[in-house]
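The residues making up each chain are set out below.
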Amino acid sequence: MPKVEASLNDLKSLIGKDVSVEEIEDLLMLGKTELDEINGDEIKLDFKDTNRPDLWSVEGVARQIRYWLGDEVELPEVKDSGYKVIVSPEMKDHRPYTASFVAKGIKWTEASLSSFIQLQEKLSGSFGLNRREVAIGAYPLDRIAWPIHFKMGKIPFKPLGFDEEMEPEEILKKHPKGREFGHLLSGFSKYPMFVDSDGKVLSMPPITNSEDTGKVEMATGDVFVEASGFNLDKIMLAVQIMAAALHERGAEIYRVETIYPQFSVSSPEFGFREIEVALSKVVGFSGLDITEEEAADYLRRYGYLISGNTLRYPSWRRDIMHWRDVAEDLLISYGYNNINPEAPDIYTIGRNSESTDRENKYREAMVGLGFQEVMTFVLSNPEKEISKTGIDGRAVEIANPMSSLYSCMRMNLFPSLLEFESKNQRREYPHHVFESGDVVVPDEAQETSTRTEKRLCAVISHSKAGYSEISGALDRLMKMMGIEYRIERESYPFLIRGRSGRVVAGGRTIGFIGEVHPGVLRKFGVEFPVALFEISQI
Amino acid sequence: MDSFELLKTQDFFRIGFAWAKKRGWIRVDSGKIVLLEPDPVSPERQMLSDIGSLDEKSIRHLLSRNLIRKRNIADIVEVGDEIQELTHEIIISGKWEGRKFREYDVSLPGKFRHPGKYQPYRRFLDHVRETLVRLGFREMTGPLIETEFWNFDALFQPQNHPARGWTDTYKLKYPKKGRLPPLWEKVKESHEKSWGYEWDPETAKQLMPRAHGTALSARTLANSPEIPGRYYAIARVFRPDVLDATHLIEFNQVEGIVLDDSLKFKHLLGILKMFAVEVAGAEKVRFLPDYYPFTEPSVQMSAKHPELGWVEFGGAGIFREELTKPLGVGVPVIAWGIGIDRLAMFRLGITDIRHLFSDDLEWLRESPLR
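Protein sequence lines, in the order shown, are assigned to chains A and B.
First residue of the first sequence: 1, per our numbering; consecutive thereafter.
First residue of the second sequence: 1, per our numbering; consecutive thereafter.
Chain A on its own, in the form it takes in the complex:
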């Protein structure tokens, strides 16, 4: 979720009303925003709606709140200008799209500049898929010679934060943003650049602006803002959101025309989108006990213009795909906490799955036999599952593990219980422990190419732990479960040969039993004898 740092007083002045912190928290709910932290005037806001980037700034969320407090929906006025950006044909295969606008007469405050920079980052980050689909840059207007060209180039310039000119390749290697986002330009011999009519480089998107022409500071009253990337629809939306935010700070917004080889686009273009739905349907679904007139009023206070069944809303909202989205807005405007929760009036019979019922019998039996239940992680590593046990096979492996200790799914329970034993050698013996849980094994025949299997593993450890005791426990267990079984001699790499067998029931092998081989015990760091069985729960 996008989070920003903001000023409480700035937020209050944007809302246009002096309200208490408690009231602010309630009002922020209108924009699915949480007040994460508050420290004097410094606050942290957490925007929950990843589908509404128009809310991701104090300006955006304050706008939503103002509607509720009575403000009419108003679109920012956009003035005509002769500003042009010319896109050269070779951009098509490298960074195809851009759109932009100019804002004049900004009187920055620390809060508004910080908000502007954070909004730019958020829109380039999670919304712009880390600068691939959208990256945004801003520049002082007074240093630009119009028109601007968006083209592929190889012109050296000073990147932000550096005092000397560098070749684009060098910037990709040395500049922190070059290292972070250079992969977006890999394999290029020339690079996307905004260059003005004097040949000055404004920026090399999506990496960095120029130190000379691309630095917006408190004194920069007029700015040029562009967005570029692979998704024109998102670029147009990002430009609207940035322009609307600056407009609310008192800036005048000017149109920029972007001329592509085949067409041209002017931006920002604000307008209304609409959805057709009968209010009666929305009210019915919401379950609220209100009239259609009341519903219309709640929706107006959420930023809709309503005439008959036509609901209009500002074009920076892209989240409305279905009339149920309108129903949610109605409910939010009404206030979730003003609704009386009710239990559904339906009759159903509750019950557990067969596998849980069976598992609970196994667990009850094991506890009855005097075993302590343990629960370990399903995530494991190949060393524990395969190298230490000598088992032949391959575990289900994770492609992006955070730690080598948790890089595959366990294929047996017993390695985790041997690990458990190694950590408990100072705990009073004898140890009788068990785990009932899932293991995962590759299985081509399944929809998910793997099979999740419910297993039971019991471990006995003390100085005289041996086959007779563990097989006695298995026998008691199987009697309690009503399962007929037999044990057939079998060798396993982790069990002592001649003291191990496979457990056969229902005509198939369901598990193994035996004394753990001392070599395996040592690999797990266990210094006392261990006898165990592990079976599938049938």
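Think of the hints as simulated: they come from the structure by calculation, not from any bench.
Model, not experiment: these values are computed from the prediction.
Among the hints, erroneous ones may be present.
Said to hold, decoys possible - Simulated crosslink set (DSS-like; lysine-lysine; CA at most 27 Å straight-line):
id : chain 1 : residue 1 : chain 2 : residue 2
1  : B       : Lys171    : A       : Lys384
2  : A       : Lys454    : B       : Lys177
3  : B       : Lys70     : A       : Lys464
As the list claims (entries may be wrong) - Taking beta-carbon pairs under 10 Å as the criterion, some of the chain A residues facing chain B (in silico):
id : residue
4  : Met29
5  : Phe127
6  : Arg131
7  : Gly271
8  : Glu328
9  : Pro401
10 : Glu428
11 : His432
12 : Phe434
13 : Val440
14 : Thr448
The beta carbon of each residue, even a glycine, is placed where N, CA and C say it ideally should be.
Once you've looked at the hints, dock chain B against the given chain A.
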């Protein structure tokens, strides 16, 4: 003679032979054994046949022959007039009549083997399970490894959604892909119509450890659920993170869905509140508007716990029609997913979340049942 020499090397023979000779039951005559007593009965066997009335000398003799074993002083049956341990023998012989029982120090703790016991966190989960079944929920089950199809696509989460990225969920290296169910084309259509991108079946086939229990709800919806219906799961889920005192890399989520034509938003709130009160012992609940790609409206619940204060409890909502229709469900479906680790920690009195999967046998043995 050969066999006699051979027998002499065996312990049991040597001992028996020596005693038989000593008692005069046999004699050795020029290498042959001559039987003197046809039906010998040893004095020891006689003593053992009447063990209740032995004199001290006989007891000493039997002890020396290792035929009986001496037990601890406290176990000795009788000393003088006092009965120490009440035995089967004393009860049936009536020897207890008119006798006194030796008094014990009853305040001393005795010794007993370690108990068989459920794992505390599992026991807590069992309690949650019981509560849900009591409230009319049927359990859903499913595999730990899912296709992205069931984890995301069937839940209407677009393929370019940031939450599907490398850092938010685990992916598999081996095996890599699974298969799509027959209804995949309907899901594709729904995505392409609403999100405006080209849906890729190969992305949907990729495998991953289940990242949320909602995958189970998707499977249930696609599998002709009962209407009206209530379903739940306690699902182990996996998220990339660094394991520490406040973060787990796998944890349990409580997931539920309710299906019926009559369901409204107030019922969603009602179900959440009931859960918070019944399972968590919450005093008050508060609902916050929230966003999930698969529900609309969406809500997050905070519950006021008597000791923890306001706790974020989990997300819920009514599944979008763009999700339910392709899966073949035509009625509103209320859905919620709740992480209950913090509550479990509180209930079990632990401060380090890793302790939910405790590897300390002593703590497991000694923690009281809660």
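> Does A:Gly271 meet its interface restraint, that is, does its C-beta lie within less than 10 Å of any C-beta in chain B?
Replying inline: violated (18 Å)
> Is B:Lys171 within 27 Å of A:Lys384, Cα to Cα?
Replying inline: Distance ~21 Å between B:Lys171 and A:Lys384 Cα, so the pair holds.
>> Using the nearest Cβ pair, does A:Phe434 come within less than 10 Å of chain B?
In response: At 9 Å from the nearest chain B Cβ, A:Phe434 passes the 10 Å test, so the hint holds.
> Is the hint on A:Thr448 kept, meaning its closest Cβ partner in chain B is under 10 Å away?
Replying inline: holds (4 Å)
>> Does the closest beta carbon of chain B sit nearer than 10 Å to the beta carbon of A:Val440?
In response: holds (5 Å)
> Is the hint on A:Glu428 kept, meaning its closest Cβ partner in chain B is under 10 Å away?
Replying inline: With a minimum Cβ separation of about 7 Å from chain B (threshold 10 Å), the hint on A:Glu428 holds.
> Hey, A:Lys454 versus B:Lys177, does the alpha-carbon distance stay inside 27 Å?
Replying inline: holds (23 Å)
> Does A:Glu328 meet its interface restraint, that is, does its C-beta lie within less than 10 Å of any C-beta in chain B?
Replying inline: holds (4 Å)
>> Tell me if the interface restraint on A:Phe127 is satisfied: Cβ within less than 10 Å of some Cβ in chain B.
In response: holds (9 Å)
>> Interface hint check: A:His432, Cβ to nearest Cβ on chain B, cutoff 10 Å. Holds or violated?
In response: Status holds, d = 7 Å.
> Can the hint on A:Met29 be confirmed by a CB-to-CB distance to chain B that is less than 10 Å?
Replying inline: holds (5 Å)
>> Does A:Pro401 hold up as a contact with chain B if the rule is Cβ-Cβ below 10 Å?
In response: holds (7 Å)
Of the numbered hints stated above, those contradicted by the structure are hints 6, 7, listed in ascending order.
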